[in-house]
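Colleague: Sequence:
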Amino acid sequence: MHKHNYHDWQHHIERLDSDARKEEMQPENTLLQSGLKAGDIFCDIGAGAGIFTFPAALITGAKTYAVDVSEAAVDYLRSKAQTLGAEQVEVIKADGVVYPFEKDAIDFVALVTVYHEIHERPPFVESLKHMLKPGGRLMMIDFKADETPGGPPIAHRVSANEAVADFKAGGFRHIETASLSDNFYRIVFEA
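FYI, in UniProt numbering the residues of the sequence shown are 1 to 191.
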C-alpha cells in the first residue's frame, strides 16, 4: 500500500472513531438491544476503528475478533487494543472473501456500514452463516437508502428490505429492523 493512501486511511479511521459517530450509533446500547450478552464470542467484520469491538469486549468478557481488510485499520485496532489492555481482542486482517473461522465458532457478528460495499452478496451471507452458531445473532447497521446527511451515493446503498431478503435467502431468521438515526438502520438476524 502506498504511504499516501495509508495516511488517508489513517485519517479516515480516526474520523470513524469520533465522538459524534459514537453518539449517533450508541455502540454499547445498540449491542445490548441487539441481544449481545456476557460470554458471547463476538466478531466485528469491517471493524474500522473498533467503536463496536471494544464495547462488545467489555459486555461479553469473552474472545472478541476485530476483522478488517485495511492494513491501516488493522494497525489502528492493534494499537488501540494494546493501549486499552484489551487482551481478549484479536485483530485479523482479512481479504473480504474468506474468513478464518471454523463452522459455528461465533455467537454474535456485527456488520457495521459494510454490507453496501459487498459486491458478491450471496457468498458473503453464506460465509457469515457458516461461522455463526445455530441461534447466533447478526447485527447489521447500514446507511438508509434515501438522502441522509452523510454516507455513500444512494446508488451504492442497500435498503433494509433488500438486506432482509438477502439474509432470509441465506437461511437467517429476521428478528427486527429499526431506525438507528437519521443516517442508519439496524437489523438483527438469527442464524
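Don't read these hints as lab results, they were simulated from the structure. Predicted model only: the values in this text are computed from it and were never measured. Every residue gets a Cβ at the ideal spot worked out from N, C-alpha and C, and that includes glycine. Some hints could be false.
Stated by the list, open to error - BS3-like, lysine-lysine: derived pairs with alpha carbons at most 27 Å apart:
| # | residue 1 | residue 2 |
| --- | --- | --- |
| 1 | 37 | 103 |
| 2 | 80 | 168 |
| 3 | 103 | 22 |
| 4 | 144 | 103 |
| 5 | 22 | 80 |
| 6 | 144 | 168 |
| 7 | 129 | 93 |
Said to hold, decoys possible - Ranges between beta-carbon positions, derived for each pair:
| # | residue 1 | residue 2 | range |
| --- | --- | --- | --- |
| 8 | 82 | 62 | 33 to 41 Å |
| 9 | 122 | 23 | 14 to 22 Å |
| 10 | 104 | 33 | 21 to 29 Å |
| 11 | 104 | 61 | 29 to 37 Å |
Colleague: Given the hint of 33 to 41 Å, is the C-beta distance from residue 82 to residue 62 inside that range or not?
Modeller: Violated: the Cβ-Cβ distance is about 19 Å, outside 33 to 41 Å.
Colleague: Looking only at beta-carbon atoms, does the pair residue 104, residue 33 fall within the given range of 21 to 29 Å?
Modeller: With Cβ atoms ~24 Å apart, the hint holds.
Colleague: If you draw a straight line from the CA of residue 103 to the CA of residue 22, is it 27 Å or shorter?
Modeller: 32 Å, violated
Colleague: Just to be careful, I want the Cα atoms of residue 22 and residue 80 compared with a cutoff of 27 Å; is the pair within it?
Modeller: 16 Å, holds
Colleague: CB of residue 122 to CB of residue 23, is that within 14 to 22 Å?
Modeller: 35 Å, violated
Colleague: Does the structure keep residue 129 and residue 93 at a Cα separation of 27 Å or less?
Modeller: 20 Å, holds
Colleague: Given the hint of 29 to 37 Å, check if residue 104 and residue 61 actually sit that far apart at their C-beta atoms.
Modeller: For residue 104 and residue 61 the Cβ distance comes to about 21 Å; the hint is violated.
Colleague: What's the verdict on residue 144 and residue 168, does the C-alpha distance respect the 27 Å limit or exceed it?
Modeller: 19 Å, holds
Colleague: Run the distance test for residue 144 versus residue 103: straight-line Cα separation, threshold 27 Å.
Modeller: 31 Å, violated
Colleague: Compare the distance between the alpha carbons of residue 80 and residue 168 with 27 Å, and conclude whether the hinted pair is satisfied.
Modeller: 35 Å, violated
Colleague: Do the alpha carbons of residue 37 and residue 103 lie within 27 Å of each other, as the hint requires?
Modeller: 21 Å, holds
When held up to the earlier numbered hints, the structure conflicts with 2, 3, 4, 8, 9 and 11 and fits the remainder.
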